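Engineer: Here is how the chains run, residue by residue.
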Amino acid sequence: MAEAVAAAPHSLPSGRTATGLAFAALALLALAACLLSIGTGAVPIGPARVLEVLTGGWADPMLARDSLVILNIRLPRTLLGLMVGAGLAVSGALMQGLFRNPLADPALVGVSSGAGLAAACVIVLGDRLLAGLGIPGPLPFALLPAAAFLGGLAATLGLYLVATRSGRTSVATMLLAGIALGALTGALTGLLVYASDDRQLRDLTFWSLGSLGGATWAKVAATAPAILPVLVAVPFLGRGLNALVLGEAEAFHLGIRVERLKRLAILLVAICVGAGVSAAGVIGFVGLVVPHALRLTLGPEHRRLLPACALLGGALLLLADVAARLVAAPAELPIGIVTALVGAPVFLWLLLGRNRLADA
Amino acid sequence: MSAVLSRRTLLAAALAAGAGHRAAFAAEAAPARIASLGGAVTEILYRLGGAPRIVVVDTTSLHPAEALRDKPNAGYLRALSAEGLLSTRPDIVIATEGAGPPDVLALVREAGVPVHLVREPPTAEGVLDKIETVGRLAGLDAPAKALAEEVRAGFASLAAERARITRPARVLLVLSMAQGRVMVGGRDSTADGILSLAGAQNAAADIQGFKPITDEAIVAAAPEAVVMMRNGPDAPSAETVFAPGTALGQTPAAGKRALIGMDGLTLLGFGPRTPQAASELMRALYPDLPRG
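The listed protein sequences correspond, in order, to chains A and B.
Numbering-wise (UniProt numbering), the first sequence opens with residue 1 and increments by one.
Numbering-wise (UniProt numbering), the second sequence opens with residue 1 and increments by one.
Hints in this document: simulated from the structure, not taken from any laboratory.
Computed from a prediction, not measured in an experiment: that's the story for all the values here.
Idealized CB from N, CA, C, for every residue including glycine.
Check before you lean on any hint, since a few could be wrong.
Cross-link-like lysine to aspartate or glutamate pairs, in silico, DMTMM-like; alpha carbons within 20 Å at most [unchecked claim]:
id: 1; chain 1: B; residue 1: K211; chain 2: A; residue 2: E259
id: 2; chain 1: B; residue 1: K145; chain 2: B; residue 2: E132
id: 3; chain 1: B; residue 1: K211; chain 2: A; residue 2: D127
Computed, partial: chain A to chain B, Cβ under 10 Å [said to hold, decoys possible]:
id: 4; residue: G39
id: 5; residue: G41
id: 6; residue: P47
id: 7; residue: R49
id: 8; residue: V50
id: 9; residue: A64
id: 10; residue: V69
id: 11; residue: R77
id: 12; residue: D203
id: 13; residue: F206
id: 14; residue: A215
id: 15; residue: G255
id: 16; residue: R257
id: 17; residue: P334
Using the sequences plus the hints, can you model the full thing?
Structural biologist: Dropping the structure here:
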């Protein structure tokens, strides 16, 4: 895999214009996805009314329900989807750069498994714990996202500590330890599944399939401080990641502070994916497919790849969400199903296409 | 962020007028459009004649069968969609407790639609309370009172029959038997509730809720009868359930071939049909019980 990434610079699309065009197209796609996400849903609201609401018609009592749907349901949902999608895709690209493996995925640093275990704890044990402490229910519903975020962070920290010996972080150890941790959290989650009742089991299943359904301004406000700084910071890691493609020693000789870069990337991914998972549950494949697809079209240059990932990741998650809420209206499909259903075949197709190129 | 917040405040102010109007309206007349979420709520509303006013149901609204056939489906009770619900323009949401997720219900409430969660304790009083609550919320107080009286009478005659039971039977309520895993209803479950209504002792009271049970625990539970959530032609026969060598085959129930198949929805639904379901179960358990 490392060879494939290292060999790719020779096939870089030439010229600034091509890159500019690609970015313009991605920005347009993201904008279109936003418009679609704000303009469509189970409640039929015509484009003219949407425009009316967005341009200040929200004070008009005639538009009360429409403006509520648009301003309090669709708008936060769109922003959340944009952030989570961008965060997942960028984290995927960071992981693939760090592990020098185009198949790496944010799940490798344990965020998803840690968050999943914490969420399962809250869902299955939360009520009993609350009763044990003598606090009257119901469980405050901010507890689940908070626990998921902290669980993801804790798992990544644990992995990082395991993989770091005398100030040097071994990426390979981290990868293997990540697999072990995944198995361990899977087993513990299984234990909780065993102890769960019918309802909790359903909750757990739905949580692990992901949804942007409960998006509120509060959620957007809680997620933005975690994801937005990462999106801004990430392009500055581009140069270091580009050098890292050559190997850790080579990057060091190129003047990159490799250990600091690794620490920073892992931390950013943990924060970003942790926030995304806590806000929307586990959403698969965006972090894997988006960077991979873009690397094939834009080339592996990280300073270009990372912002492009943010645009495409956000756009794709929004489109998936539009599909999720329209196909079964007035019910909605968990978004993780849509991303995996569309993502997996696309990913396979990309892989086959690449193999064909390699064979030729 | 502050722009967003001020926008919300203004929006809330703009909505306040509308919400006030709605509350006044609700106090005067029955809600014209009801979102009915949860099997028991839908069943009760249909019994009360509220069906024409139901605009949306959920996937657990299985009885009567026409509910899911005729009405839009809002999905699973605990994974609802705010916009999906609002798109059916309900005046009120009546749901069984546990409907959610909570932030979706909060959004629906924010849209000025009152959301009422009806409690579901698996007892006779719980059923009566549920009928009266749903009736009051739907503005169908009179039919609800009549139905509650009917169901109360049902429970009363059930209690009279139950009093004649001299020795309660140990009964294992099996929810499903898939790949050798026997899922049973333990204490604090609807299974436990219906067993005590039918005058039986739950053989799986050591287990909490619905859980798979081990073979050894089945033998130790020593049920004198097994109730399965299936009836009709596709129900497993006593020969398969109590096949020699299986755990169930080594219980006292096997010797008597005491296998009772009943419709799970009726048995565990805790709605208006509960007295009949409990008395049917009781007759099956105690065929020699003198009739009142």
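Engineer: Against each hint, give a clear statement of whether it holds in the structure.
Structural biologist: Status of each hint after checking the structure:
| no. | hint | result |
| --- | --- | --- |
| 1 | B:K211 / A:E259 | violated (49 Å) |
| 2 | B:K145 / B:E132 | holds (7 Å) |
| 3 | B:K211 / A:D127 | holds (18 Å) |
| 4 | G39 | violated (12 Å) |
| 5 | G41 | holds (5 Å) |
| 6 | P47 | violated (17 Å) |
| 7 | R49 | violated (14 Å) |
| 8 | V50 | violated (13 Å) |
| 9 | A64 | holds (5 Å) |
| 10 | V69 | holds (6 Å) |
| 11 | R77 | holds (8 Å) |
| 12 | D203 | holds (6 Å) |
| 13 | F206 | holds (5 Å) |
| 14 | A215 | holds (8 Å) |
| 15 | G255 | violated (39 Å) |
| 16 | R257 | violated (34 Å) |
| 17 | P334 | holds (7 Å) |
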